[in-house]
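There are 2 protein chains.
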Amino acid sequence: MNAPRRAGGRRSKAGRTSTSLPQLPWQTLTNPYSPMEIAGPDAVEAIHRTSIRILSELGVRVIGASVLDLFSKAGAKVDRDTGLVRFDEELVNHALATVPSRTSLTPRNPARRVEIGGNSLCFGLVAGPPNVHDCVNGRRAGNLADYENFIRLAQYFNAIHLIGNQVTSPMELPANSRHLDTYLANLRLSELSFHVSAIGKGRVMDGINMMAIARGISREEMAHSPGVTTIISVNSPRLFDQEMGEGLIAMAEHGQPVSITPFTLMGAMTPVTLPAAMAQQNAEALFGVVLTQLVRPGAPVIYGAFTSNVDMKSGAPAFGTPENTKANLIAGQLARRYGLPYRTSNANASNAVDLQAAYETSMSTWGAVLGGGNLIYHAAGWLEGGLTASYEKLVLDIEILQNMIEILKPVDFSEAELGFDAIAAVPTGGHFFGTDHTIARYQSAFYEPLLSDWTNYGGWQAAGAKTALTRATEIWQRALVEYEEPALDPAIREELDAYVATRKEQIGTAEP
Amino acid sequence: MNAPRRAGGRRSKAGRTSTSLPQLPWQTLTNPYSPMEIAGPDAVEAIHRTSIRILSELGVRVIGASVLDLFSKAGAKVDRDTGLVRFDEELVNHALATVPSRTSLTPRNPARRVEIGGNSLCFGLVAGPPNVHDCVNGRRAGNLADYENFIRLAQYFNAIHLIGNQVTSPMELPANSRHLDTYLANLRLSELSFHVSAIGKGRVMDGINMMAIARGISREEMAHSPGVTTIISVNSPRLFDQEMGEGLIAMAEHGQPVSITPFTLMGAMTPVTLPAAMAQQNAEALFGVVLTQLVRPGAPVIYGAFTSNVDMKSGAPAFGTPENTKANLIAGQLARRYGLPYRTSNANASNAVDLQAAYETSMSTWGAVLGGGNLIYHAAGWLEGGLTASYEKLVLDIEILQNMIEILKPVDFSEAELGFDAIAAVPTGGHFFGTDHTIARYQSAFYEPLLSDWTNYGGWQAAGAKTALTRATEIWQRALVEYEEPALDPAIREELDAYVATRKEQIGTAEP
Numbered sequence: 001m002n003a004p005r006r007a008g009g010r011r012s013k014a015g016r017t018s019t020s021l022p023q024l025p026w027q028t029l030t031n032p033y034s035p036m037e038i039a040g041p042d043a044v045e046a047i048h049r050t051s052i053r054i055l056s057e058l059g060v061r062v063i064g065a066s067v068l069d070l071f072s073k074a075g076a077k078v079d080r081d082t083g084l085v086r087f088d089e090e091l092v093n094h095a096l097a098t099v100p101s102r103t104s105l106t107p108r109n110p111a112r113r114v115e116i117g118g119n120s121l122c123f124g125l126v127a128g129p130p131n132v133h134d135c136v137n138g139r140r141a142g143n144l145a146d147y148e149n150f151i152r153l154a155q156y157f158n159a160i161h162l163i164g165n166q167v168t169s170p171m172e173l174p175a176n177s178r179h180l181d182t183y184l185a186n187l188r189l190s191e192l193s194f195h196v197s198a199i200g201k202g203r204v205m206d207g208i209n210m211m212a213i214a215r216g217i218s219r220e221e222m223a224h225s226p227g228v229t230t231i232i233s234v235n236s237p238r239l240f241d242q243e244m245g246e247g248l249i250a251m252a253e254h255g256q257p258v259s260i261t262p263f264t265l266m267g268a269m270t271p272v273t274l275p276a277a278m279a280q281q282n283a284e285a286l287f288g289v290v291l292t293q294l295v296r297p298g299a300p301v302i303y304g305a306f307t308s309n310v311d312m313k314s315g316a317p318a319f320g321t322p323e324n325t326k327a328n329l330i331a332g333q334l335a336r337r338y339g340l341p342y343r344t345s346n347a348n349a350s351n352a353v354d355l356q357a358a359y360e361t362s363m364s365t366w367g368a369v370l371g372g373g374n375l376i377y378h379a380a381g382w383l384e385g386g387l388t389a390s391y392e393k394l395v396l397d398i399e400i401l402q403n404m405i406e407i408l409k410p411v412d413f414s415e416a417e418l419g420f421d422a423i424a425a426v427p428t429g430g431h432f433f434g435t436d437h438t439i440a441r442y443q444s445a446f447y448e449p450l451l452s453d454w455t456n457y458g459g460w461q462a463a464g465a466k467t468a469l470t471r472a473t474e475i476w477q478r479a480l481v482e483y484e485e486p487a488l489d490p491a492i493r494e495e496l497d498a499y500v501a502t503r504k505e506q507i508g509t510a511e512p
Numbered sequence: 001m002n003a004p005r006r007a008g009g010r011r012s013k014a015g016r017t018s019t020s021l022p023q024l025p026w027q028t029l030t031n032p033y034s035p036m037e038i039a040g041p042d043a044v045e046a047i048h049r050t051s052i053r054i055l056s057e058l059g060v061r062v063i064g065a066s067v068l069d070l071f072s073k074a075g076a077k078v079d080r081d082t083g084l085v086r087f088d089e090e091l092v093n094h095a096l097a098t099v100p101s102r103t104s105l106t107p108r109n110p111a112r113r114v115e116i117g118g119n120s121l122c123f124g125l126v127a128g129p130p131n132v133h134d135c136v137n138g139r140r141a142g143n144l145a146d147y148e149n150f151i152r153l154a155q156y157f158n159a160i161h162l163i164g165n166q167v168t169s170p171m172e173l174p175a176n177s178r179h180l181d182t183y184l185a186n187l188r189l190s191e192l193s194f195h196v197s198a199i200g201k202g203r204v205m206d207g208i209n210m211m212a213i214a215r216g217i218s219r220e221e222m223a224h225s226p227g228v229t230t231i232i233s234v235n236s237p238r239l240f241d242q243e244m245g246e247g248l249i250a251m252a253e254h255g256q257p258v259s260i261t262p263f264t265l266m267g268a269m270t271p272v273t274l275p276a277a278m279a280q281q282n283a284e285a286l287f288g289v290v291l292t293q294l295v296r297p298g299a300p301v302i303y304g305a306f307t308s309n310v311d312m313k314s315g316a317p318a319f320g321t322p323e324n325t326k327a328n329l330i331a332g333q334l335a336r337r338y339g340l341p342y343r344t345s346n347a348n349a350s351n352a353v354d355l356q357a358a359y360e361t362s363m364s365t366w367g368a369v370l371g372g373g374n375l376i377y378h379a380a381g382w383l384e385g386g387l388t389a390s391y392e393k394l395v396l397d398i399e400i401l402q403n404m405i406e407i408l409k410p411v412d413f414s415e416a417e418l419g420f421d422a423i424a425a426v427p428t429g430g431h432f433f434g435t436d437h438t439i440a441r442y443q444s445a446f447y448e449p450l451l452s453d454w455t456n457y458g459g460w461q462a463a464g465a466k467t468a469l470t471r472a473t474e475i476w477q478r479a480l481v482e483y484e485e486p487a488l489d490p491a492i493r494e495e496l497d498a499y500v501a502t503r504k505e506q507i508g509t510a511e512p
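Protein chains in written order, with full-length UniProt numbering: chain E, 1 to 512; chain P, 1 to 512.
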């Protein structure tokens, strides 16, 4: 009863042992259950109405003429002195009429395509941390070697569907061109879609161009089959900056989906109450949604939400809190009200890969999944409130995500599974270990964990009494040994290298 | 912004510092949200029909004449040679017609009364472990000193509503009378209702008698206002032993609620498939439910479920698995089909208070709560698959339970909470820290954690870089220092002591 399951779809290298870490096969996910709704229909409408009041009475301040021009042309009230843009519900409804209810991302390996919308679900690698940590080498500044290792792990672990924005910043590389190095690493070391940096148009276009090269298609073709995505943050409260505006415009023009995600910590960037935070976040998200449709009606756009709270004792951000979980649930209700795909997160605020990291992440993961999230961003590797990408946390998260994947697998209630005959075949007080019904199913009957150790106390002691944290270190180390670089057409590789070289020359010391 | 909240309702002893661990006040809980249903109505009926086939065609084997007599008298087919009892759906429906849909438990302090049924929710202390562990003193056999400490912690932490069966066995005391010592400790050191041992009638009656003494009421009065409860286990598959039968009869005769809980590990005590496990567990639970109504129509009874799976590599039990979580959800659907209160659990299989303990417990807690559980047994302190009561795990669990309590608190969507004026008062790009709206609410706006540390990395490092496990040790130690023994009328105390002394004499070396 102990043949380990092979990881799905991996070829073994000559001379390598064929054993592999147990993991679920690559799969796209759907959530078959009804989302959890904690706001009644009246409450959802009350939030919506408050958001519309914010947009029409208070407005959002925009830095950057191109965005102001678009709103002005669409009939919004634009104050060129203050940058304040105000508009009525009509413009929102006009935009919602052209927004697609779902989008997709197709990477260089089309088998790794993911859908975003409806009841689809996909998980993204942590994005943005300036630091890296593992239990062997400690905490250090982001660098390309660690960056590449995380991309290898994202490729290796089937539960990760998408590479987020810079899993860690390669700080030793020039800031104005390191996006090229990271895009190249994404395309060389993985087969997944990825997040392009939306800080200005140049970084966006480089991502789009390089994904198009990797897929062997034109930019025009990619406009009809998106391959990259990005997050458009809002500087809450109600401030939309120039670089994000340019990034949004470039993405929408080229048909690539953006998640409009106000990052709002209740008590700091929004009022301290959850309904007010939801109303403000919703107004800011709708503002971005409208903008995408002004750029290009029908441009794919995702309703993003990242509302949590601060620690009112210190002002520090907190994640994986009950308030964060409730916000994840209510934001899903709002996204569905507008017929938009929904991006959420499963963050935590722990400084170490410890109990807190595990229960806060579990809490926010349930909120994200029960909230009907289509894209769960930062789903693997997030530590220290997002300031560190952690190897051990990534392993912990893969286990949590795989558990969730199994929970979302519908149960087969056929007669054979109801097993009356199997029950009849075992005497009272007996056991089912050796029965035909068991033998026929035992290998795939239950989820086989990546990180959990279910041996009894004596066996666990005899094997060194390793805690899950120690085992997590062994797992990521083994995964990196077993990782295989996916094949890439040498001609494409050459074209990508040339693109990067040319662009670095063009950029020089300027901004891209 | 840093005045620590006082724990609800505690008086400070003279000379003691008035600070206290942050915790939620004592409260009874209701779950305002719809349960999660992962089996369709047809599937629920298919499970029900299979259960009825099990009861009518296969039967349950009973050891003990008194139970056989009751079934025989009620018209069931009773085979006196094999002990097999079989009956049709009619007898089930007859029993369900008299079962109350809810029950309650009133301890010596009536303010600690809990409701069990409908959308009520309460949490019980871990029950049954032979061992104890904490990070200071290590692992050891159960003993009265640790037993008493756990009762103090159950009294101290408001999230615990109920004392389960022997949080750890005081192994140094005689097995035939240690139940008296533990009941006395429960009544002296806490104000909570507790679980009596259902191994035979004697232990049950001692619990009922002692709770009646503590409440200053007669046994007859307590029959109308239950004060103790117990779990009736089934020796799955389909075996009902003599001592449990006698325990059930004694409880039902005296109007005290029992949870009928088949302990079924898929692949061992049931077939390997979840639907079969649910069908068998359901048949066994219904068997016990029917028995309670044969003893005394209208006797309170709770639908118990504890279905998880084994590790198919080793045969070891696993808890907090996706299968366990799904079983918790489906069992709730079955309990509601029959209009019965629902007892479930939030177990885990880890050997240490580590990441695994945290994510498995989080997983099973969500399953238990979303499943509509009314009584979540083993909710605090369970480690090593139930073989160890852990001090640090108890603290971890209190944090998880308190998070869940906060999530279940309905959100107020009034205009003041929607906060349009508060949003209007802060300029774009500003912050809400010092606004009137924030100041008026910040002290109670967010859940204040017991175990989570939200300081930033630098502050956390400077304070010793304590992981949550280290903090958990400090928390239970501090709780024991701050614990205050609740007042008990000296006359009642005397009567309880006398009862215990008399009973110990009566029991001698025999069984109680």
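Hint data in this document are derived by calculation from the structure and do not stem from the laboratory.
Note that the Cβ used here is the ideal one computed from N, Cα and C, for glycine as well.
Treat the hints with care, since some could be wrong.
[To be verified] Which stretches of chain E does chain P cover? Using the computed rule of at least three CB atoms under 8 Å from a CB of chain P, they are:
| no. | segment |
| --- | --- |
| 1 | 109-121 |
| 2 | 356-369 |
| 3 | 491-500 |
[Claimed, not checked] Derived lysine-lysine pairs resembling BS3-like cross-links, with alpha carbons at most 27 Å apart:
| no. | chain 1 | residue 1 | chain 2 | residue 2 |
| --- | --- | --- | --- | --- |
| 4 | E | LYS466 | P | LYS504 |
| 5 | P | LYS313 | E | LYS409 |
| 6 | E | LYS313 | P | LYS409 |
| 7 | P | LYS466 | E | LYS313 |
| 8 | E | LYS466 | P | LYS313 |
| 9 | P | LYS504 | P | LYS201 |
(message) Tell me whether the statement that chain P covers the segment 109-121 of chain E is true, taking a Cβ distance below 8 Å and needing three residues at minimum.
(response) violated (count 0)
(message) Using C-beta distances, would you say chain P covers the segment 491-500 of chain E, given that this needs three or more residues below 8 Å?
(response) violated (count 0)
(request) Please work out if LYS466(E) and LYS504(P) have their alpha carbons no farther apart than 27 Å. (result) With Cα atoms ~44 Å apart, LYS466(E) and LYS504(P) exceed 27 Å; violated.
(request) Given the hint that LYS313(P) pairs with LYS409(E), test it: the Cα-Cα distance must not exceed 27 Å. (result) Status holds; Cα separation ~22 Å.
(message) Between the alpha carbons of LYS313(E) and LYS409(P), is the straight-line distance 27 Å or under?
(response) At roughly 22 Å apart (the allowed maximum being 27 Å), LYS409(P) and LYS313(E) satisfy the hint.
(request) Would you mind confirming whether the straight-line C-alpha gap from LYS504(P) to LYS201(P) stays at or under 27 Å? (result) holds (15 Å)
(message) Between the alpha carbons of LYS466(P) and LYS313(E), is the straight-line distance 27 Å or under?
(response) Measuring from Cα to Cα gives roughly 19 Å; hence the hint holds.
(request) Given the hint that LYS466(E) pairs with LYS313(P), test it: the Cα-Cα distance must not exceed 27 Å. (result) Satisfied, since the Cα-Cα distance of roughly 19 Å is no more than 27 Å.
(message) Count the residues of the segment 356-369 of chain E whose Cβ falls closer than 8 Å to any Cβ of chain P, and tell me whether that reaches three.
(response) holds (count 9)
The structure fails to meet hints 1, 3, 4 from the earlier list, while all remaining hints are met.
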